[in-house]
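Protein chains in written order, with this note's numbering: chain A, 2 to 338; chain B, 43 to 365.
Calculated from the structure, these hints are not laboratory results.
There may be inaccurate statements among the hints.
Stated by the list, open to error - Restraint ranges, calculated between C-beta atoms of paired labels, are given here:
(1) ALA300(B) <-> GLY190(A): 31 to 39 Å
(2) VAL360(B) <-> GLU237(A): 33 to 41 Å
(3) GLU298(B) <-> PRO23(A): 34 to 42 Å
(4) PRO196(A) <-> ALA239(B): 49 to 57 Å
(5) PRO196(A) <-> LEU357(B): 23 to 31 Å
Using N, Cα and C, we set each Cβ at its ideal position, and we do this for glycine too.
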Amino acid sequence: MPQMTMREAINHAMRLEMRRDPEVILIGEDVAGGRGCPVDDVEAAGGVMGVTAGLFNEFGEARVIDTPITESAIMGAAAGAALTGMRPIAELMFADFFGVCFDQLYNQAAKFRYMFGGQQGAAMVVRTMIGAGMGSGPQHSQAIYPIFAHIPGLKVVLPSCAYDAKGLLIQSIRDNDPVIFCEHKMLYGDKDEVPEESYQIPLGQARVVREGSDVTVVALGRMVKLAVEAAEALEEKGISTAVIDPRTISPLDVDTILDSVEETGRVVVVDEATPMCSMASEIASMIVSDGFSSLRAPVKKVTAPHTPVPASPVLEAEYAPTAARISAAIESVYAYR
Amino acid sequence: MDFSEQELKTAYRTMRHMRNFDEIGRREFMAGTLPGFMHMYCGEEAIGAGVCAHLSDEDYIASTHRGHGHCIAKGCAIEDMALEIFCRQDGLCHGKGGSMHIADLKKGMLGANAIVGGSAPLAVGAALTAKTRGTDKVSIAFIGDGASNQGTVFEAMNLAVVLKLPAIFVYENNGYAEMTGVDYHCGSGDIAARAGAFGMPAHKVDGTDYFAVYEAMAEATQHARSGKGPVSIECIAPRWYGHFEGDPQSYRTKEEIADLEKNRDPILLFRDRVIAETGLTQSDFDAIDAESLEHVEKAMAAAKAAPQPEPADLLTDVYEVYD
Numbered sequence: 002m003p004q005m006t007m008r009e010a011i012n013h014a015m016r017l018e019m020r021r022d023p024e025v026i027l028i029g030e031d032v033a034g035g036r037g038c039p040v041d042d043v044e045a046a047g048g049v050m051g052v053t054a055g056l057f058n059e060f061g062e063a064r065v066i067d068t069p070i071t072e073s074a075i076m077g078a079a080a081g082a083a084l085t086g087m088r089p090i091a092e093l094m095f096a097d098f099f100g101v102c103f104d105q106l107y108n109q110a111a112k113f114r115y116m117f118g119g120q121q122g123a124a125m126v127v128r129t130m131i132g133a134g135m136g137s138g139p140q141h142s143q144a145i146y147p148i149f150a151h152i153p154g155l156k157v158v159l160p161s162c163a164y165d166a167k168g169l170l171i172q173s174i175r176d177n178d179p180v181i182f183c184e185h186k187m188l189y190g191d192k193d194e195v196p197e198e199s200y201q202i203p204l205g206q207a208r209v210v211r212e213g214s215d216v217t218v219v220a221l222g223r224m225v226k227l228a229v230e231a232a233e234a235l236e237e238k239g240i241s242t243a244v245i246d247p248r249t250i251s252p253l254d255v256d257t258i259l260d261s262v263e264e265t266g267r268v269v270v271v272d273e274a275t276p277m278c279s280m281a282s283e284i285a286s287m288i289v290s291d292g293f294s295s296l297r298a299p300v301k302k303v304t305a306p307h308t309p310v311p312a313s314p315v316l317e318a319e320y321a322p323t324a325a326r327i328s329a330a331i332e333s334v335y336a337y338r
Numbered sequence: 043m044d045f046s047e048q049e050l051k052t053a054y055r056t057m058r059h060m061r062n063f064d065e066i067g068r069r070e071f072m073a074g075t076l077p078g079f080m081h082m083y084c085g086e087e088a089i090g091a092g093v094c095a096h097l098s099d100e101d102y103i104a105s106t107h108r109g110h111g112h113c114i115a116k117g118c119a120i121e122d123m124a125l126e127i128f129c130r131q132d133g134l135c136h137g138k139g140g141s142m143h144i145a146d147l148k149k150g151m152l153g154a155n156a157i158v159g160g161s162a163p164l165a166v167g168a169a170l171t172a173k174t175r176g177t178d179k180v181s182i183a184f185i186g187d188g189a190s191n192q193g194t195v196f197e198a199m200n201l202a203v204v205l206k207l208p209a210i211f212v213y214e215n216n217g218y219a220e221m222t223g224v225d226y227h228c229g230s231g232d233i234a235a236r237a238g239a240f241g242m243p244a245h246k247v248d249g250t251d252y253f254a255v256y257e258a259m260a261e262a263t264q265h266a267r268s269g270k271g272p273v274s275i276e277c278i279a280p281r282w283y284g285h286f287e288g289d290p291q292s293y294r295t296k297e298e299i300a301d302l303e304k305n306r307d308p309i310l311l312f313r314d315r316v317i318a319e320t321g322l323t324q325s326d327f328d329a330i331d332a333e334s335l336e337h338v339e340k341a342m343a344a345a346k347a348a349p350q351p352e353p354a355d356l357l358t359d360v361y362e363v364y365d
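Pulled out of the complex, with its shape left as it was, chain B reads as follows (with noise of 0.2 Å):
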């Protein structure tokens, strides 16, 4: 295996933060203590993970509804988005964005977005700027497999291989667009067949597995990196929850969420592996798990005890201020 031990542990703590992070936001939200909407991530990880591996705090990333993974990988403080997710004074974006609009710009975030297919027009305007100013630096749209149906989106796609821009556009096909499934809702049912249609590298792998969603990138990013143009990466992997928390999914059987919890959990998948084909061991993901609950509950905790936004504050940052 190609990847050093510290790389496979941190890869394994980003996604375990992950679960962490929407597991305990979604039994807060559960029990009335966070506001507006939860989307969870869980059964996705290693998508957020396999890319965001790729990337520094000078690329970019534009993100979903489902975006706390995509922060995570990105690197936003846990702390930070914790804040943001309870709508508190000192959240990321001071209680205004909240879960579905989070955004850390110094790390390249550039922002949830409670829009389907909001994200993709703006990672073609992040790659524009890394274009025009001549760096290597990438941008990465995460779209949902209901977003990929969006105008915004085909249009998306089509400026950057027109622009020869580095973007790489990222679909998570997790069978669902709210409550319709995508056999029903994408015409050809091959999202990266789409995206490759409209002239750029297409690749289609298993997003629950972090290795292949790794690979695919680090061609994505060779091939972007290098001013050949954009690409795109289909990533399969069903989520485990409902659109929403709150959504009832009667839509859904409970027997195949249990069964993409016991044969398809990304975090699972990559830990069995790792440790039949590295020296780690059970003790040393045993000790990242700890590790990585601690640190989201104290978080989540701090976040939960943390000052409320004051009310004059809904007046400020409608504008730029000058002295």
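This is chain A alone, in the form it adopts within the complex (with noise of 0.2 Å):
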């Protein structure tokens, strides 16, 4: 099986996708690269993280469109082309963005299907980047995702590797609804065996990383990876810990996690995502309401503390869960009588 790094794995899903469904178009910033420049080499460029390369040579202007500087317009470009019967994938440069045109993404493309008592819903996928790692700022690093899960109508998919974000994505791309599908900057370059044929992996089946009985760790996103590390860290001092990625969180696979619970007793969630009104709270919220009888400890969470991204390396550096982290968090639930 091929190795591809997670930017190639969502290139060929969408690549794929093209190929086989003329009405899946991409609209976004620089998709293409090149456009009105001296020299038009959009081969070269394909956005500025290289995710879209290729593409609009294979399919040409009328369905690779490069935007101007327009968020706003994007999303309800995307949002009015699936509600008319395209299936758009917006691409958001930063999730950041999503301040500019949040509107036509809430309000709209989101309360479609509902509001217009089922006739139609808007079948698009707006593609963004997420998360801290590259000094960024506070306006480039966010892992903003809780807040579309907030919202009735809108899907939410956070791969963590190259295998499932191309699962995914094709998937999404079918969905019938509005996904939003978050890139973490600091995965694409991850490599991981893929197959070149299509697969679509279902939106809202979590997968287990990793079997344990001691402990479950819930873990989103790039926080995967890092729960992985621990777990295996702690396999040494006995403690036996299960990984669990949910790979959506709207839907949220329920099951999954609980059935999980009821073997441990003893749960950590994981994410990158500031702790208010989050996921980590909604995850540790289902838990103990649906999963009570099975706890043994105090559900435990390991995120960002409440506060924006900060630009120095230093700061950012103690801004996101580490596996050091979710080891000391993973000990202390095992350790709780």
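Two independent chains are provided; combine them into the complex using the hints.
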């Protein structure tokens, strides 16, 4: 099986879907790149992270659409095109930029199906880059997805590896409701075995990354690999840790989480997002409500603090959870009597 | 020429500081010592300098991601700026903002901005402060050609006209919105005409010509300070570097950039014209060059050696602390 980076896997998913379905279009800032420039070398660009490289050359300007820097119009155009039957993939470069265009998403696209009495939803995907780690500062580093999960009508996908990214993106493109597909900027280079052919991963189906009987760790996005690292290190200390990656936070696979909690009775929830009104809180609350009789320790959350993301790399390193912090949390719930 | 030698030297020094700050910053970025993103202002110095020459600390500017030059022109201390772009504890924003969010409210510098089009509504708010308080202060929004297409910018211009606010919309048309050319991304291709259609005087000038920017801004500030409402100025000055450092710029030719450096360097154009038209000489400018280089190098070296924030600083300044 070929090795692909997450960047390549995402590119490949779009390529396959655009070949399969002529109604899939891609719209965003510099998704081609080089339009209106002295050198129209669009093959070389493909977005600031190169995720859409080569798609313009294969599919042309009618389907790979560079826009001005105009987030509201991108979001609205995708929503309007979806409402009238297309399957747009909109790219919003950094998730922080949702601030500029949120109306078109949460008042418009998310509500079409419900407020129009089920006539039509917006079959659109918004691909966006999330997360800290590059020293990009408060307006380019947020893990803002809990806001999307709060909104009825939106689905929210959070891949943690290249294999999942490809299968989840293909599924998202075929989904008939708006999907926010959150790509962590620090995972783009991570490699994985990824099949060449098309495959789908259902939305709302968690992955048990690692089996374990003492403690359950539910980790999101980039936190999954840190949780695995922590779990492996604790194996030597005799703590058997399960790691569950929900993969989509809306819908959330409650059953897979509760099955593991039933066995372990001890839970750590790990998320890079800020803690208030967050997915970590949501998951913890769900476990307390629906898995109460299994619990043998308070549910512990490991998250970013309730602060913006600092620019300073020294402070940024303190901001996101680390494997060490996850380990400490696992040990503490394990030791709870 | 209607400028004193002192004014000319100050303008030149400001532009040279901007150039040195970004060139040295770039060198450090390439060496891996400078964190985050770096957006170079080279080629556009005459805009920030020509605009801010008309402003005091009590006037306001709201800037862009390409904001170092604006800070320097508005009078921010180079030492404090250097500390901030290195994200040090004693930087203007104590390392929490970095290059893209550098701000100095004491100097009326309301922040660089990592959201394209984010500055224009904020500048309108500052203009509202000036008008409400009955001062003659003005507020400048620096806006790139890319940001000129944002809804926030259109809304800001309209509101400034409706409320007759002392706002000046300075468009820095550097030819590119990230990796997309202005001929593609700007529908009419004429940012000034679009601004004018909102109902305000709209200038269009060569942004590599300090004197052209200065003259347009003189008219604009007179208009705005006297309560007649907003003005816009489109300044055309192609950037020499990529959108950010690390941008491979596959969309441009080496010839274009070489031509800009040779024929449209705002600093050299300024210098040549001033030498031709006044008593100032090459050696006057050489002296400023040397002094500026030393000043900026020293500030950067000191910043690089300065202490990092403490881990506990992560949690401070989220809210006001009340005793």
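>> To test your reading of the hints: which numbers does this structure violate?
In response: The structure conflicts with hint 5 only, although it agrees with all the remaining ones.
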